[in-house]
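Listed in order, the protein sequences are those of chains A and B.
Per my numbering: the first sequence = residues 1 to 230.
Per my numbering: the second sequence = residues 1 to 230.
Keep in mind that a hint or two might mislead.
Since the list gives no way to pick one copy over another, a pair counts as held whenever it fits inside one copy or between any two copies.
[Said to hold, decoys possible] EDC-like mimics (lysine to aspartate or glutamate), calculated; alpha carbons at most 20 Å apart, straight line:
#1 K78 - E131
#2 K23 - D157
#3 K149 - E39
#4 K156 - D197
#5 K149 - E104
#6 K23 - D43
#7 K156 - D199
#8 K23 - E76
#9 K156 - D94
#10 K23 - E88
#11 K23 - E131
#12 K23 - E104
#13 K156 - E76
#14 K149 - D92
#15 K23 - D113
#16 K78 - E39
#17 K78 - D113
The hints are simulated quantities; they were obtained by calculation from the structure and are not laboratory data.
Treat the numbers as computed from the prediction; the structure is a model and nothing was measured.
2 protein chains.
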Amino acid sequence: MTGRAEPPCTAARACRPLRADAKRNRARIVAAARLVFSEAGLDAPVSQVARRAGVGIATLLRRFPTRDELVAAAFEDKMAAYSRAIDEALADPDPWRGFRRYVETVCGMQAEDRGFTTVLTMTFPASPAFEADRDRSAAGFAELIRRAKAAGRLRKDFAHQDLVMILMANAGVVSASAGAAPSMWQRLVAYLLQAFDADAAAPLPKAPTRAETYHALLRAGRSERGAQPP
Amino acid sequence: MTGRAEPPCTAARACRPLRADAKRNRARIVAAARLVFSEAGLDAPVSQVARRAGVGIATLLRRFPTRDELVAAAFEDKMAAYSRAIDEALADPDPWRGFRRYVETVCGMQAEDRGFTTVLTMTFPASPAFEADRDRSAAGFAELIRRAKAAGRLRKDFAHQDLVMILMANAGVVSASAGAAPSMWQRLVAYLLQAFDADAAAPLPKAPTRAETYHALLRAGRSERGAQPP
């Protein structure tokens with residue numbers, strides 16, 4: 001069997017064990033992809049990733065036949081951390097503390113790597129494991145909201161969609177202030193968490209519908225990724 | 001005296017009365033500039049403005065020798081509205097209500113026209129009247145904060161710099177959700193205003209310093225305007 005004949009092996013697909021040099025190549029490509037995507041955005045040419053990794057474009061395409069597979073592999077660790085964050089929040093005996101830590105963690109991940117938030121808005125048909133992780137996180141967050149409300153600490157009118165609002169607001173602060181005032185986002189998040197406290201609750205404008213929020217998220221993801229068709 | 005010999009006449013500079021056709025040209029150029037800047041950003045070529053206005057580039061440059069003068073003229077009305085907003089807030093016998101209305105008004109102006117927030121970060125040496133309006137607004141906001149705190153309604157640890165944080169967060173939500181979930185920013189602002197209530201106050205991370213905030217603001221303005229030197 002030659003390397004060329006191997007099926008592409010991505011985060012999402014079980015595959016036969018890689019030879020040692022193939023493993024090394026894969027790791028170098030994924031590391032290069034992380035750097036290139038974070039510097040130049042998710043639409044950076046894959047040829048740039050290959051150059052950075054010091055492999056030929058043919059080698060890269062053998063491992064990652066589509067850009068989405070490469071993106072999913074580059075953000076696999078982050079998505080795993082994102083999943084862990086919701087597991088940890090749900091494991092907290094105090095659901096309100098779990099909720100607050102979760103929001104802080106996710107906003108901190110966004111402050112570290114804005115590309116990651118964009119990844120949350122993308123679909124990855126080639127990476128069902130990646131997609132499953134994300135869906136599980138969304139379901140976990142819904143459960144966390146339920147528990148924090150039941151405990152009487154999260155205000156009753158907090159909507160699942162408000163997480164998207166938080167991430168968009170945080171992205172605005174992070175992208176404008178990073179480097180110049182790097183802790184500004186933490187202050188924003190602290191203010192918002194205090195507003196989410198049941199004790200602070202005063203009437204709010206209606207939340208956008210889930211459909212509106214979903215469209216906003218897709219649009220934001222697309223505009224971050226450039227002018228690609230949906 | 002020929003039209004060519006007239007000194008450039010901008011918002012900032014007193015100038016001799018314009019002939020009727022020159023007045024019409026100026027109004028058309030300013031209206032075109034508003035459209036072009038809101039569609040294509042503040043770095044759109046002035047030739048595009050001239051084309052849109054249906055005047056020659058020479059006519060445009062006679063009226064507005066520099067881009068900054070054109071930008072200042074295009075946003076003159078908005079800056080006046082911005083100044084009025086702080087005057088109205090200060091005139092409110094209830095300083096906490098004045099404060100809240102002011103934040104809502106400014107965020108609403110940003111939702112309508114994102115270019116305007118960028119203008120707030122620019123310097124206009126050629127338009128001292130424009131700059132004076134902005135400085136007056138900043139001083140008025142400081143006074144509004146003082147009064148709302150003295151009334152016991154605005155939390156004591158609210159910082160002047162937090163207005164910049166609000167505008168950056170609002171810009172993130174507006175740019176991501178406009179069109180798809182156009183009222184999301186109103187929900188964000190409502191949450192934040194509830195967090196600013198003295199009754200909601202719990203400890204916050206330290207605000208960035210004024211210098212940090214100023215640099216963040218300049219950086220954000222520059223990145224919105226493209227890769228121009230400061």
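Legend entry - 20 Å Cα threshold - placement of E131 relative to K23: neither (24 Å within a copy, 60 Å between copies)
Legend entry - Copy assignment of K156 with D199, given that the CA separation must stay at most 20 Å: both (11 Å within a copy, 19 Å between copies)
Legend entry - Status of E39 relative to K78 across identical chains (alpha carbons, at most 20 Å): within (16 Å within a copy, 36 Å between copies)
Inset, instruction - State whether the alpha carbon distance between K23 and E104 is at most 20 Å within one copy, between copies, both, or neither. - result: neither (35 Å within a copy, 55 Å between copies)
Legend entry - Alpha-carbon proximity between K149 and E39, which holds within one copy, between copies, both or neither at 20 Å: neither (39 Å within a copy, 43 Å between copies)
Inset, instruction - Tell me, please, which holds for K156 and D94 at an alpha-carbon limit of 20 Å: within, between, both or neither? - result: within (17 Å within a copy, 29 Å between copies)
Inset, instruction - With 20 Å as the alpha-carbon cut-off, assign the pair K23 and E88 to within, between, both or neither. - result: The answer is neither: 31 Å in one copy and 66 Å across copies each exceed 20 Å.
Legend entry - Intra/inter-copy verdict for K156 and D197 if alpha-carbon distance must be at most 20 Å: The answer is both: 9 Å in one copy and 19 Å across copies each meet 20 Å.
Legend entry - Intra- versus inter-copy proximity for E104 and K149 (alpha-carbon distance at most 20 Å): within (18 Å within a copy, 28 Å between copies)
Legend entry - Within, between, both or neither: K156, E76 at alpha-carbon 20 Å: For K156 and E76, neither the intra-copy (34 Å) nor the inter-copy (43 Å) Cα distance is at most 20 Å.
Inset, instruction - Up to 20 Å between alpha-carbons, please classify K23 paired with D43: within, between, both or neither. - result: neither (25 Å within a copy, 47 Å between copies)
Legend entry - Same-copy or cross-copy closeness of K23 to D113 [CA-CA at most 20 Å]: So K23 and D113 fail the 20 Å test inside a copy (25 Å) and across (51 Å) alike.
The structure fails to meet hints 2, 3, 6, 10, 11, 12, 13, 15 from the earlier list, while all remaining hints are met.
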